[in-house]
Structure formats: structure tokens, C-alpha cells
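Student: For reference, the chains in residue letters:
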Amino acid sequence: MVNTGDILETIKMIQEENLDIRTITMGISLIDCIDPDIDKACEKVYKKITSYAKNLVKVGEEIEKEYGIPIINKRISVTPIAIISAASKGNPVKFALALEKAAIDCNVNFIGGYSALVQKGFSVGDKELILSIPEALSKTERVCASVNIGSTKAGINLDACKLMGQIVRKTSEITADRNCLGSAKLVVFCNAPEDNPFMAGAFHGVGEPECVINVGVSGPGVVKAAIAKAPEANITEIADIIKKTAFKITRMGQLVGTEASKRLGVPFGIVDLSLAPTPAVGDSVAHILEEMGLEKCGTHGTTATLAILNDAVKKGGVMASSKVGGLSGAFIPVTEDAGMIDAARCEALLLEKLEAMTAVCSVGLDMIVIPGETPAETISAIIADEAAIGMVNSKTTAVRVIPAIGKKEGEELNFGGLLGYGPIMKVNSHSSAKFINRGGQIPAPMQSLKN
Amino acid sequence: MRAIITVIGKDQVGIVAKISTICAKYDANILDINQTLLQEIFTMTMLIDIKNISKELGVLKEELEEVGKEMELKIHVMHEDIFNSMHRI
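Residue numbers (the numbering used here), protein chains in the order written: chain A, 33 to 483; chain B, 29 to 117.
Wrong hints could be hidden among the right ones.
[To be verified] Label pairs and their computed distance ranges (CB to CB): (1) A:K482 to B:E93: 51 to 59 Å; (2) A:V424 to B:E94: 57 to 65 Å; (3) B:L59 to A:E327: 46 to 54 Å; (4) A:K86 to B:Q67: 44 to 52 Å; (5) A:K185 to B:I58: 53 to 61 Å; (6) B:V44 to A:V350: 36 to 44 Å; (7) A:E48 to B:M99: 19 to 27 Å; (8) B:E93 to A:A312: 21 to 29 Å; (9) B:V44 to A:E327: 32 to 40 Å; (10) A:G297 to B:N62: 48 to 56 Å; (11) A:I136 to B:I58: 40 to 48 Å; (12) A:D71 to B:K53: 28 to 36 Å; (13) A:V424 to B:R116: 36 to 44 Å; (14) A:D137 to B:G86: 21 to 29 Å.
[Stated by the list, open to error] Residues on chain B that point at chain A, a partial pick, calculated with CB under 10 Å: (15) A31; (16) T34; (17) I43; (18) V44; (19) K46; (20) N62; (21) L65; (22) Q67; (23) S82; (24) L85; (25) G86; (26) D109; (27) I110; (28) F111; (29) N112; (30) I117.
Calculated from the structure, these hints are not laboratory results. Cβ atoms here follow ideal geometry from the backbone N, Cα and C, with glycine treated the same way.
Pulled out of the complex, with its shape left as it was, chain B reads as follows (with noise of 0.2 Å):
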């Protein structure tokens, strides 16, 4: 079980910090981090496993959520199969 967190908004210190603290505070293992920086707008992309979480995804994704509005960025966390099925065949 692997989600994907997406990270969109404006640049600035701290961003990766913060979404890894909250990623290890539930336990979940950061697989793969792909970030670009596309005309000053923040992209990331973060693969973490979802196996052995402490808490159900939805409290992990409320949190994140959460610092997403605080540092005023789009913060979505999302199943990995989804993009799996829409996009290979």
C-alpha cells in the first residue's frame, strides 16, 4: 500500500522538513521525493508506503492538510492506484 503526496505552491524554507516530520511521525516510510521548482511555483512529489502506518491514511492526510493551509500550499494526498490505473495500462 503506497500513496503519493503532491506539494504545489510557492517556494519557500522548510517545506520538505515539514512534510517529512509529519510522515514520520505516523510511521510512514518515504520511498521516492521528485521536486522541480517551475517559475518560483513549488512542485513535489513524494511516494511514501502506507503499510504499517499508526493511523488511518485520513488523519495523516487531515495534518498534512492542515500545514498546507498554514504555509499557504496545495497539499493532496492520494492512493497510489489511482494514478497507476489512469495513466499505465
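Isolated chain A, as found in the complex (with noise of 0.2 Å):
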């Protein structure tokens, strides 16, 4: 049998650190949904996705319940409507409307993939597709929207950055009354993964199978405690530890992901190696890198903490899972983490420093709330500075902020549940107007000498 210090460790994990599955997500191709009237593809798509995925929470809540861990997202992403959508001609929010109704009656609480990816130029379907989101994320309430806009291979479509600055902001302003929760569910990436379990990013790749189970685990509660036991420890032993601690996090999940995909009958695809934080106290990345020696995250210091640990964290997955992949490091959302909402309260955080730690964090600038006033240019700006970092160092980088119309800088902007609260935080107030309104293409960046 396993020793007993072994048994009592796991279920203090799960216990009092809030060791959990974050999400199992079931990728669902819908190519074959294509069809030139755009009801029948609904329709289409709509039966899809319900007979794949009718038994995905069901399956979820068994394991939940066999296993002892608390699974806390069952989820969906599909292919990226605009290819599906550029085949019928018609409103492409009738699509966001049918996702919406298959994920209310598959309950999964997010389905992601109302997305586009032109990070080269825009194809037919593409642009309306963009257009549609703001209309579509207020009709919606558990859909979820995506733009690529660059890649490493392709550069930085210049152009869709403006259009998105535009789109971020009209979704803000269409779903004012909610808080501008709209633009919590819109993310713009550059070199978006195709496998990607996580909201409100995740879509179906075009590259991957008919149907796949890809899971993200989540425990940065039990990276500091870990972290907390050793007070005295040198930086190469809490390396150390943190690499030991999420070897046992991604085990479980990839006997979780195994468990689902086997009572499916799915094929397992991935394991998302991340740090999910949660606004829930102990559930917090930021407290991680305090643990590690800061007085606040966002001091001096921030992102090489942070890139100790994103690395950390890779490295001990990769050789608990057999395929790993997503966005796979440590997530910094500041108003789904505690520790960042306090940060960023007392201005220990701004979003310069937040831009620097998404040089080495897993994924970008995410879930941050900026004054209502801001222009649809300077978001616009805010994409692509964060688009260069991502094409440049050849890793993912994404955009999720919250314009909160009608509200100014200090104030705060709750949205409840999952995608937390927080302060609304400072923006240069200088111009990008004219860079942003040039347009084009940002040539793809050298890949030898590299300095």
C-alpha cells in the first residue's frame, strides 16, 4: 500500500490547498457541419455537439466522485466558426446562438471557438466573423470569442489589431448593464495553440482530430505551501520543489484525462501544464512568487520569480504527462487572482510590469480592467506591444482586457464568480493613433542571431 505521509499529503492538497482539475474541455472538429445554408449548418452544428458531448458532465462528475478530486469545469471548444461560417452567407451570430444553446443543454458552463485566425490577412468570413463578436458575446452568455492576430511564422496582421482594439471596446460598451462582461470572454492571441483546454482562449484546431479530451490541471495553493516549507531553501531548491510539486499535480491530471477519454470512447490529446488561479484566497500565483521573496508581486524581482516558476512547472510536467501541450505555465489573470487584485490595488502591480512578466509567463495580458475612457487605438496599441513579445520570443502571448465603461481609473469592476474582481488599472495616456492607423503587416521576425 502507499505509505500513509503520502496519502495524508494528497488529500491535503485537495483539502486546504485547492488542488483541482481546472477544466476538462472536449475539442469537437465541425468541418463537416460546413453547409451553404446557414440554418442547416446550425443545426448541424448544434446536433454535433450535443450527441458528442451529452455525456461529458455526467462522465466528469463519476471520476469527480470515484477519484476523491474535484473537477471544477466541464467544457467544449470547437473549430473556428468563421471557417465554418464562410461558407453560408448570413449573420454569423446565429452560430454563437446555436454553440449557446448546445453548450445550455450539454451543461458545460463555457464553450469556446467563436474565432478567427488572421494572422496573415483576413479570408472570406473572417471579417464578419470579427465584426459579429460584440453583437454575439451580449446574446450569449457562455460562449466564448478568440482572434489570432500574429504568429512567429506569419508576423502581426496590423490591420485586425485595430479592428480588435475597436471590437474589445464595442463589446465592453454593448454589455455595459453586465458589468462589460463581454470582453471578459474575448481573448487576442499571437501564435494561438490549437489545443488550448483553457477559457476563454480554447478552440478545436483545424489541425486536430474529429474529437479529443484535453485537460488543465491547477494548484497554485499547493506550490506555496510546498514553497512555504522551505523557508531557508536557496532559489535552485525552490526550483526544485516546484518542479517535484507539479510532477504530482499533472499526474493527476493525466489520470484524469486518461480516465475521461477512455470512458468517452474519445482519444486523449493533451495535458495543459498550468497554474490556473482562482480569486479564492490560497488559489493565487501571485502568492506564489511573495512566498518565493517578494514583499508585493509586481516589485523588482517579479518576472524572474515568475520565470523561475513558469519554467519550473514545465519541466516538471512534461515528464509526468505522455502529451503535453495548451498554453502549459503560470497564468497571471489579475482579477482572478487574489493576490494580483490586492497588488494591483496598491499599485505594486501596473501594467508595465505586467507586460514584462508576459515575456516569461504562459500566456499574456490577461483579465485586466482599464479606464472606460480608453481608446479603441491605445487597446489596439496594448495588442500589438503584446503581439511583438509573443511573435518575437516565439511563444504564445494573449490580450484579455476590460474596458469598464463609464468608470475610471481606482475604481473596480466585480464580474463574479470565476473571472473575479478587480481595480481598474492606469494607462499611458499618450497617443498610438497614428502607428496603429498606418495598417499593414508587421514583417515575421528573424530566427537566427538571436540576441
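Assemble the dimeric complex from its two separately framed chains, guided by the hints.
Tutor: Structure representation (C-alpha cells):
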């Protein structure tokens, strides 16, 4: 039998340190739902999703009960809808409504894939879909949208950057009566991964199989508790502790993923080795950095500690799983992390520092509330900056900012639930409009002479 | 298919008896018991065979948790695979 100490350690991780499986996400290809008649296409989309995912929540709950591990979310990701809607004439919002209905009937809390990939330019359907995002997100609750506007191979589509700045603003405006919730479900990517199980950026890439199960694990609390046990350790030892902890967390994800795929009769895709925080106390990535020795997250040393954390999580996780993918690393969503919220409130954590942190973390500027009067061009420029970091460093970066319509810097916005709450952060007030309005394509970067 | 029952709490008369009675009620065979007493904190881990149990594991789990509440003990039932995957390569 496994020794008592190990058993108690696992139970403590789950009971006290918030270890959980953050999400089981079923990826479904909708390519065969393409139809010139938009209503027929939507019906096919609805039928396909509900037939493939009808048992997803039930199986998730069974595993949860049997294994004693909390599985927080069961979700669905689909082929980027721009590819499907391109063949049909009509308003792409119909697809969003079909996705919403499927999500409700499958009882999943989010469905991702109202997406377009435009890193090198717009093809038929892309622009229509992007322009419909504000309406789609205002008429649905569970649908998530994402747009990939850049990649290391293609460069950055500055026209798309410009457009997305406007779309983010418009989405916030149209959902202003609901705390601007719409833009919390909209991500702009550079180098978007095709197998990401996490929302709001999940979609089922075109290179993916027909149907697949991807799993996202989580456990910032576990990592923090492990570091807290070694107050005198040097940073090499800290990196080692994180690796070992990440290993254990990932093994659990691998087990749940394999079991879910077996029970659903769907191939197992990947484990996303991520530390995803929630606003709950004891579930914060910022607190890990503070446990490593920072007075407040956001101060000097934050980028270095985050780099150590991100790298060690990957090293530990890779060994623990047969297939790793998605975003894999530490997330830094401001409103979803109790420590980040605190740090932003006392202005220890500023937008500029967050941008630096995204150069070493797994995602990007995530869940950041900005003043309602921020011009669309400034949002576009924030997106362009972030995409440039991703493009040059061959990594995924993303922007999910929420312009708080009608509110100013220093006030707060509360979304409730997993999306959290947070202060409105200061944005540089000098204009970037001329740069953004130039349009065109930022050329792809050199892959040699790396300095 | 095996599961591990862990019981943590204040030592008192009848812990093992109550737990094993429930196991017997659902035809869960006890394969191994490990118990220690650390500063009056009772810690027991019990390995049970759940291949031929008469009801779902969830039912057994709920009844054990009920007993846990009555006796002020923390009782968890988890699949053995969790511990094996986390602690063994």
C-alpha cells in the first residue's frame, strides 16, 4: 500500500490547498457541419455538439466522485467558427446562438471557438465573424470568442490589431449593463495554441482530430504551500521543489484525462500544465511569487521569480504526462488572482510590469480592467505590444482587457464567480493612433542572430 | 479496483469497528489497515477492494462521511490510482 505520509499529503493538497482539475475540455471538429444554408449549418453544429458531448458532464462528475478529485469545469471547444461560417451567407451570430444552445443542453459552463485566425490576413468570413463578436457575446452567456492576429512565422496583422481594439471596446460598451462582461470572454492571441483547454481562448484547431479530450490542471496553492515549507532554501532548491510539486499535480491531470477519454470513448489529447489561479484565498499565483521572497507581486524581481516558476512547472509537468500541450505554464489573470488584485490595488503591480511578466509567463495580459475612456487605438496598441513579445520570443501571448465603460482609474469592476473582480488600472494616456492607423503587416522576425 | 479510506481525528472507542461494519455492509473487502496515533490524533489508512461492492463507491463514501460527521472525524475515500500516480513513477 502507498505509505501513509504520501496519502495524507495528497488529501491535504485537495482539502486545504485547493488542488483540483480546473477543466476537462472536449474539442470537437465542426468541419463537416459546413453548409451553404446558414440555418442548416447551425442545426448540424447543434446536433453534432450535443451528440458528442452529451455525457461529458456526467462522466466528469462520476470521475470526481470515484476518485475524490474536484473537477471544476467541464467545457467544449470547437473549430474556429469563421471557417464554418465562411460557406454560409447570413449573420454569423446565428452560430453563436447555436453554440449557446448546445452548451446549455450539455450543461457546460463555457464553449469556446467563436474564433478567427487572421495572422496573415482576412479570408472570406473572417471579417464578418470578427465584426459580429460584440453582438454574439452580448446575446450569449457561455460562448467565448478569440482571434489570432499574429504568429512568429507570419508576423502581426496590424489591420487586425486595429480592428480588435475597436471590437474589444464595442463588446464592453454593448455589455456595459452587465459589468462589461462581454470582453472578459474575448481573447486576442499571437501564436494561439490549437489544443488549449482553458477559456476564453480555447478552440479546436484544424490540425486536431475529430474529437479529443484535453485537461487543464491547477494548483497554485499547492506550490505555495510546498515553498512555504522551505523558508531557508536557495533558489535552485526552490526550483526543484516547484518541479516536484508540478510533477504530482500533472500526474493527477494525466490520470483524470486518460480515464475521461476511456469512459467517453474519445482519444486523449493533452494535459495543459498550468497554474491557473482563482480569486479564492490560497489559490493565487501572485502569492507563490511573494512566498519566493517578494514583499508584493509587481515589485522588482517579479519577472525573475515568475520565470523560475514558469520554467519549473513545465520541467516537472513534462515528465509526468505522456502528452503535454496547450498553454502550459503560470497564468497571471489579474482579476482572477487574490494576490494580483491586492498588488494592483496598492499600485505595486502596474500594467508595464505585467507586460514584462508576460514575456516569461505562459499567456499574456489577462483579465485586466482598464479605464472606460481608453481609446480603441490604445487598446489596439496594447494588443500590438503584447503580440510583438509573443512573435519575437516564439511563444503564445494574449490580451484580454476589459474597458470599464463609464468608470475611471481607481474604481473597481466585479464580474463575480471565477472571473473575479479588480481595480481599474492606469493606462498610458499618450496616443498611439498614428501607428495603429498605418495598418499593414508587421514582418515576421528573424529566427537567427538571436540577441 | 481498490480504494483507500483515510480517517483523521480524535482517538475514540469504535472507530475501526464502525468503518469496517460499513465496508462489510457493501461487500468491500479490507485488504490492509495502517494506523498510528500522533499526539492523540488518530490516523488510519485502510485499503479496500471495491471490485465486487454491492453499491456504487459514491454511496459507500457518503455513508462513511456521515459517520465521520457523527464521530467528528475527517473521513475521505479515494481511488487508489490517485495515490499511485502521484507518488510512484
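Student: Hint numbers the structure violates, sorted upward?
Tutor: 9, 10, 12, 17, 18, 19, 21, 22, 23
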